[in-house]
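Participant: Letter by letter, the chains look like this.
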Amino acid sequence: MAYHSFLLEPISCHAWNKDRTQIALCPNNHDVHIYKKAGNSWTKTHELKEHNGQVTGIDWAPESNRIVTCGTDRNAYVWTLKGDVWKPTLVILRINRAARCVKWSPKENKFAVGSGSRLISVCYFEQENDWWVCKHIKKPIRSTILCLDWHPNNILLAAGSCDFKCRIFSAYIKEVEEKPAPTPWGSKMPFGEVMFESTGTAGWVHGVCFSDSGNRVAWASHDSTVAVAEGGKSAVVTSLTSETLPLLCVTFITENSLVAAGHDCYPALFVYDAGKGAITFGGKLDVPKQSAQKGMTARERFQNLDKKATSDTKEAVLESLHKNSISQISLLDGGKAKCTKFCTTGMDGGMAIWDVKVKLIMYIFCFVQFSWATVIPNKMPKLLKSFLLSSLFVSVFNSPSNLP
Amino acid sequence: MARNTLPSRFRGLDIDEYDENRFVDEQDEAAEQQGPDGAEVDALLRRGEMITAFHIALRNPPINSKNPAVKERAQAVVLRVLTSFKSSDIEPAVKSLDRNGVDLLMKYIYRGFEKPSDNSSAILLQWHEKAFAVGGLGSIVRVLTARKSV
Numbered sequence: 001m002a003y004h005s006f007l008l009e010p011i012s013c014h015a016w017n018k019d020r021t022q023i024a025l026c027p028n029n030h031d032v033h034i035y036k037k038a039g040n041s042w043t044k045t046h047e048l049k050e051h052n053g054q055v056t057g058i059d060w061a062p063e064s065n066r067i068v069t070c071g072t073d074r075n076a077y078v079w080t081l082k083g084d085v086w087k088p089t090l091v092i093l094r095i096n097r098a099a100r101c102v103k104w105s106p107k108e109n110k111f112a113v114g115s116g117s118r119l120i121s122v123c124y125f126e127q128e129n130d131w132w133v134c135k136h137i138k139k140p141i142r143s144t145i146l147c148l149d150w151h152p153n154n155i156l157l158a159a160g161s162c163d164f165k166c167r168i169f170s171a172y173i174k175e176v177e178e179k180p181a182p183t184p185w186g187s188k189m190p191f192g193e194v195m196f197e198s199t200g201t202a203g204w205v206h207g208v209c210f211s212d213s214g215n216r217v218a219w220a221s222h223d224s225t226v227a228v229a230e231g232g233k234s235a236v237v238t239s240l241t242s243e244t245l246p247l248l249c250v251t252f253i254t255e256n257s258l259v260a261a262g263h264d265c266y267p268a269l270f271v272y273d274a275g276k277g278a279i280t281f282g283g284k285l286d287v288p289k290q291s292a293q294k295g296m297t298a299r300e301r302f303q304n305l306d307k308k309a310t311s312d313t314k315e316a317v318l319e320s321l322h323k324n325s326i327s328q329i330s331l332l333d334g335g336k337a338k339c340t341k342f343c344t345t346g347m348d349g350g351m352a353i354w355d356v357k358v359k360l361i362m363y364i365f366c367f368v369q370f371s372w373a374t375v376i377p378n379k380m381p382k383l384l385k386s387f388l389l390s391s392l393f394v395s396v397f398n399s400p401s402n403l404p
Numbered sequence: 405m406a407r408n409t410l411p412s413r414f415r416g417l418d419i420d421e422y423d424e425n426r427f428v429d430e431q432d433e434a435a436e437q438q439g440p441d442g443a444e445v446d447a448l449l450r451r452g453e454m455i456t457a458f459h460i461a462l463r464n465p466p467i468n469s470k471n472p473a474v475k476e477r478a479q480a481v482v483l484r485v486l487t488s489f490k491s492s493d494i495e496p497a498v499k500s501l502d503r504n505g506v507d508l509l510m511k512y513i514y515r516g517f518e519k520p521s522d523n524s525s526a527i528l529l530q531w532h533e534k535a536f537a538v539g540g541l542g543s544i545v546r547v548l549t550a551r552k553s554v
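The listed protein sequences correspond, in order, to chains A and B. Going by this note's numbering, the first sequence opens with residue 1, and the numbers climb by one from there. Going by this note's numbering, the second sequence opens with residue 405, and the numbers climb by one from there.
This is chain A alone, in the form it adopts within the complex:
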């Protein structure tokens, strides 16, 4: 676990380069700052100043080393490194509201921008005119698109929107690619076709993520639920209503487990069991504060009773690593299949890097299976669960952090 505080302002969005030595982030203003890792510290190497409004989305293409940024000024720029300078290229998105999120496709020949104009702009590079052209996906989107994620086949695009739905669209552009093979989400994929639309969850969809194989999509919504849909003849949706504040970002770390974080300021693990069709909460992945339990004086107790009508000894101090909501998660190592490290940035201006022990995930998964399979009297699962959570904390503590 490593935590670095970049700023005192929220980090609006961030993106890593291919070898994870540089991070591009927006410090809540019109610029993008690129920091380079130097030993234990981070030095600012570039400032990308072109946007006229807050930069709401950054994505860094690992292979072609291009950065795409989008902002509230309704523009997107594609930045290419020429020597030691990043040169921007304007992309005309033809939107009349702010852009909210941007993602490169897996093959990096196109990118998608979600905006407040209730549409998704899918942009690709037209060789003969030497500029970026965009196509719009409009129907049946009824409100702002908040988050996007591409399917590994470079064609399907999952979009979470403020009209309370998570949808999968086809973003097939015949000018730049071949016809796609059939997937569990459907076989006919003309541009703009809706392959899947979620029902049931209320609340804006803040984060959406495809699994590594692309057969599953998970989304986190503002009514404190996280849901997973599995593609197939009839898409099966399972959701978990949680007891925490809404989650803002979600990502798969193996095919069966997700990490999500949000307004509760800590990342949480969720395990999806396809056989049972259930999502279970796997535990908080955070460093609990080591502070000793101070004894309360009688005076403090009466004060609490007077002010808050409770003699609870819980302090009003956040015990998590991040001191404010976590707004974005990105995977650093291992990809979505076997992630070993992920990074979170939030509204406290800090960035934390978390280690994941894959064996731990398998361990939790097995435990969940075990507790379902055997017949256990009512009291037992609680015991197992507490044992599970405590062992989780112990292993997370003992994991050697190979980061500064």
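Heads up, a few of these hints could be off.
Computed cross-link-like contacts, SDA-like style, restricted to lysine to any residue with a CA-CA straight-line distance of at most 20 angstroms [stated by the list, open to error]:
id : chain 1 : residue 1 : chain 2 : residue 2
1  : A       : K138      : B       : K499
2  : A       : K139      : B       : K470
3  : B       : K499      : A       : T244
4  : A       : K307      : B       : L529
5  : B       : K534      : A       : K139
6  : B       : K470      : A       : A202
Honestly, the hints are just simulated from the structure, not real lab data.
Could you slot chain B onto chain A? The hints should help.
Facilitator: Showing chain B alone in chain A's frame:
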């Protein structure tokens, strides 16, 4: 922009209502949802079967109905059941509910907060405390974000 510094009295119209593309909630059928049966619940309360009355009161919530009278009636029934519980009985009653039940109970509690009467606030606060212990912040968030409320 600050509302109290700019003259906005000319804004007599809500122009978003006239936008053709404005968001309209999906209209679901509300035929089956008439709210809990008041007479049945009363009979059970008189007999002293609190938990059964409680469960029946939480059945058939008029979530999709657009008829305010149905919603008022349902709210009155549930409030009657909630106020007739003793403080010590509240916790086992809440424990007997599943996840969706706790969310529904929270919706009724907050609806009850909207129109406080003499006795209701105190007892509703006790119900709220117990329901919060089970449902957590998530259940309150779901009350706030629900498009179709009780």
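Participant: Determine for every hint whether it applies to the structure shown.
Facilitator: Comparing the hints with the structure gives:
1. A:K138 - B:K499: Violated, because 46 angstroms separates the two Cα atoms, which is more than 20 angstroms.
2. A:K139 - B:K470: violated (28 angstroms)
3. B:K499 - A:T244: Between K499 (chain B) and T244 (chain A) the Cα gap is close to 19 angstroms, so the pair holds against 20 angstroms.
4. A:K307 - B:L529: The hint holds at about 17 angstroms.
5. B:K534 - A:K139: violated (44 angstroms)
6. B:K470 - A:A202: Cα-Cα ~18 angstroms, so holds.
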